[in-house]
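Engineer: Here's the letter readout for the chains.
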Amino acid sequence: MAIDPETRAQFIETLDRFVRERLRPAEARVAEEDAVPAEILAEMRDLGLYGLSIPEEYGGLGLAMSDEIEVMFTFCKTSPAFRSAFGTNVGIGAQGLIIDGTEDQKAKYLPKLATGELTSSFCLTEPDAGSDAASLKTSARRDGDAYVLNGTKRYITNAPTAGLFTVMARTDAANRGAGGISAFVVEAGTPGIRIGKPEKKMGQQGAKIADVIFEDARVPAENLIGGVEGKGFKTAMKVLDRGRLHISSVCVGVALRLLEDSIAYATDRKQFGQRIADFQLVQAMLADCRTEIYAAQCMVRDAAARFDAGETVSTDAACCKYFASEMVGRVADRAVQIFGGAGYVADYGIERFYRDVRIFRIYEGTSQIQQMVIARSLTR
Amino acid sequence: MKVLVPVKRVVDYNVKIRVKADNTGVDLANVKMSMNPFDEISVEEAIRLKEAGKATEVVVVSIGPAQAAETIRTALAMGADRGILIKTDEEVQPLAVAKLLKGVVDEEQPGLVIVGKQAIDDDSNQTGQMLSALLGWGQATFASKVVIGDGSAEVTREVDGGLETLSLKLPAIVTSDLRLNEPRYASLPNIMKAKKKPLAEKAPADYGVDIAPRLKTLKVEEPPKRSAGIKVPDVATLVEKLKTEAGVL
Ligand SMILES: Cc1cc2nc3c(=O)[nH]c(=O)nc-3n(C[C@H](O)[C@H](O)[C@H](O)COP(=O)(O)OP(=O)(O)OC[C@H]3O[C@@H](n4cnc5c(N)ncnc54)[C@H](O)[C@@H]3O)c2cc1C
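These protein sequence lines map, in sequence, to chains B and H. Here my numbering runs 488 ahead of the position in the first sequence, where the first position is 1. Here my numbering runs 32 ahead of the position in the second sequence, where the first position is 1.
None of these hints come from the bench; they were simulated from the model. Just so you know, not all the hints are guaranteed correct.
Once the Cα atoms are required to be at most 30 Å apart in a straight line, the calculated DSSO-like pairs of lysine-lysine come out as [claimed, not checked]:
| no. | chain 1 | residue 1 | chain 2 | residue 2 |
| --- | --- | --- | --- | --- |
| 1 | B | K600 | H | K225 |
| 2 | H | K48 | B | K758 |
| 3 | H | K201 | H | K64 |
| 4 | H | K228 | B | K594 |
| 5 | B | K758 | B | K719 |
| 6 | H | K257 | H | K82 |
Among the chain H residues that face chain B by a calculated CB cut under 10 Å, a handful are [said to hold, decoys possible]:
| no. | residue |
| --- | --- |
| 7 | T106 |
| 8 | P203 |
| 9 | A218 |
| 10 | P221 |
The following residues of chain H were derived to be distant from chain B, with all beta-carbon distances above 10 Å [what the hints assert, rightly or not]:
| no. | residue |
| --- | --- |
| 11 | A109 |
| 12 | K134 |
| 13 | A237 |
| 14 | K275 |
Glycine residues also receive a C-beta, built at the ideal position from the N, C-alpha and C atoms.
Produce the complete structure using the sequences and hints provided.
Structural biologist: Below you can see the structure in the form of structure tokens.
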């Protein structure tokens, strides 16, 4: 559902304040403690952020993609670790259910995802299956009224806190390709599931990734998403199409923040008797940031509008994710440059953003995979 | 008990305001406006009273231009039940505001009115006190804590020497200070729900109030620019300069 412009404006203004008053002051603490404080998680739940994309009939807000990206442009003017806490419920962790789940599956889980009572994770990547996700080995063997899952999923966002996993596993051992893969919703309390130790990461401290290990985990057959085997890889790809637009809007938000900080610094810092913002070489960096952010923003808005209109936007979503994630990398790099030594020193937070944004070029399909997707659609 | 909360639309507290070139006032063109922070605290307090079962209904009222409806919507999204907009494009000074609010109080018969201690645009700090006089109700200004009892309220006030606690008979006027509470953020579900809450539109004439300004603004000026300070080598020099140059010791 699309919300009216007035409601959207009011919500975005509230978020803008929330980010300014509550999240920005906590950024250093979140990085230091490698955790988002419980009171902030509670506030994000109260604001309705966990249910942004979940349909209204299941207790969410059912935002259209065009609304979701505008919300993220504003919300992400802060450490992306905050977004990560609820991001899986908006995107990859919940969308499999929303897009392809049966009525019973949706009714059972979506309301709890919408309120944030449950956090979800998306389990596709494995130790030997990253970019080549269709080669995944985790198996799901039918046994009576259940499937028995075995295998290891790697680098799974929110795994340590998740109550629910969307898991892609091979139901057809004979079919080594995408067609042998099915998707399941799996409750975290299921016996036979272990969560690995959270990984030490380059950035986004406060957001957790870990292995999810399945050892003879019995999952009720009714938890097969959509109730049909062999559709799991397709489900995952649909989830990622939408996820790529979401991530693109996150990149734009963080880039907007970096530009804001860069402008503030450049108009304050003086060298050679004048503001560094008055040097043309610094101005060029600011102008390049603005131009590229605007380009990414336009791309995301266009693709989101066409997604809402029912068009297939896989190629364009790949273009958006490719451009926006590379763009925010360049913007972060320029921000460090504009800040000079201060950009390299932790107190200013710029080096933290520089590390935080690096992942955007890697997960939900690396830049190379996006290039492949785009080129393949051109030469098909 | 019904609680009435007046809310004012003012320049957002984050905006660096500029004085108009002709010194007639503050430049409001394209300036972000939002709810007076003290009013936000009042709304929050009223909602908390309702959540605690001490109040049954929270009514917000704003006096101002059509856009003041947005300010009311914000209060409704926070949790107030209904709104009244007294629409006018004229400048409304504290006495006229107090008279209009008296009209609303006569109609609505609230058990408590929570007013911000001042609005951050004009910083008058008069409306609550004037309303109390017009109604002949008790008042507790600069509240940092409000406890509702049976037909009475115990209000902790922030005064120069520390804290003072007053007991008032209800109905009464309370004006809120900064430390009364921390207002909540309106959630998107509540923003959506707020759209369906009633918002009545009135005019000053409906209350028979003449809002013509009684005070005339002669001139609005920027505060004088602060000149750069100096560094002194030691405490002795500092004390010496405070005595001889600054003349404050
Ligand atoms: C912080 C973080 C969070 C994550 N969250 C999740 C999650 O929630 N759920 C989940 O399932 N996964 C998650 N992942 C995993 C992530 O999606 C993968 O790391 C990513 O898809 C890349 O896979 P890989 O690491 O195996 O790299 P590889 O696939 O081994 O790639 C290594 C390099 O080879 C390149 N390459 C690979 N194939 C080709 C090709 N055909 N042509 C050209 N170049 C190629 C890649 O572009 C890359 O540069 C997360 C990872 C991180 C670090």
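Engineer: Does the claim that A109/H lies outside the interface with chain B hold up, using a Cβ gap greater than 10 Å?
Structural biologist: The claim breaks: A109/H does not keep its Cβ more than 10 Å from every Cβ of chain B (closest is about 7 Å).
Engineer: Run the C-beta distances from A237/H to all of chain B and say if the shortest one exceeds 10 Å.
Structural biologist: Non-interface label on A237/H holds, nearest chain B Cβ at 28 Å vs cutoff 10 Å.
Engineer: Quick check on the hint: A218/H CB to chain B CB, less than 10 Å?
Structural biologist: holds, 5 Å
Engineer: Against chain B, does K275/H keep a CB gap of more than 10 Å to every residue?
Structural biologist: Given that every Cβ of chain B is farther than 10 Å from that of K275/H, nearest at about 34 Å, it holds.
Engineer: Between the alpha carbons of K201/H and K64/H, is the straight-line distance 30 Å or under?
Structural biologist: At roughly 39 Å apart (the allowed maximum being 30 Å), K64/H and K201/H break the hint.
Engineer: Regarding the pair K48/H and K758/B, is the alpha-carbon distance no greater than 30 Å?
Structural biologist: holds, 22 Å
Engineer: Can you verify the interface hint for P203/H: is its Cβ closer than 10 Å to any Cβ in chain B?
Structural biologist: violated, 32 Å
Engineer: For K228/H and K594/B, compute the direct alpha-carbon distance and say whether it is at most 30 Å.
Structural biologist: With Cα atoms ~28 Å apart, K228/H and K594/B stay inside 30 Å; holds.
Engineer: Need the status of pair K257/H, K82/H: alpha-carbon distance at most 30 Å?
Structural biologist: violated, 46 Å
Engineer: For a C-alpha distance cap of 30 Å, please report whether K758/B and K719/B respect it.
Structural biologist: violated, 60 Å
Engineer: Hint check: is the beta carbon of T106/H less than 10 Å from a beta carbon of chain B?
Structural biologist: holds, 7 Å
Engineer: Over 10 Å from every CB of chain B: does K134/H meet that, or does the non-interface label fail?
Structural biologist: holds, 31 Å
Of the numbered hints given earlier, the model fails hints 3, 5, 6, 8, 11; all others are met.
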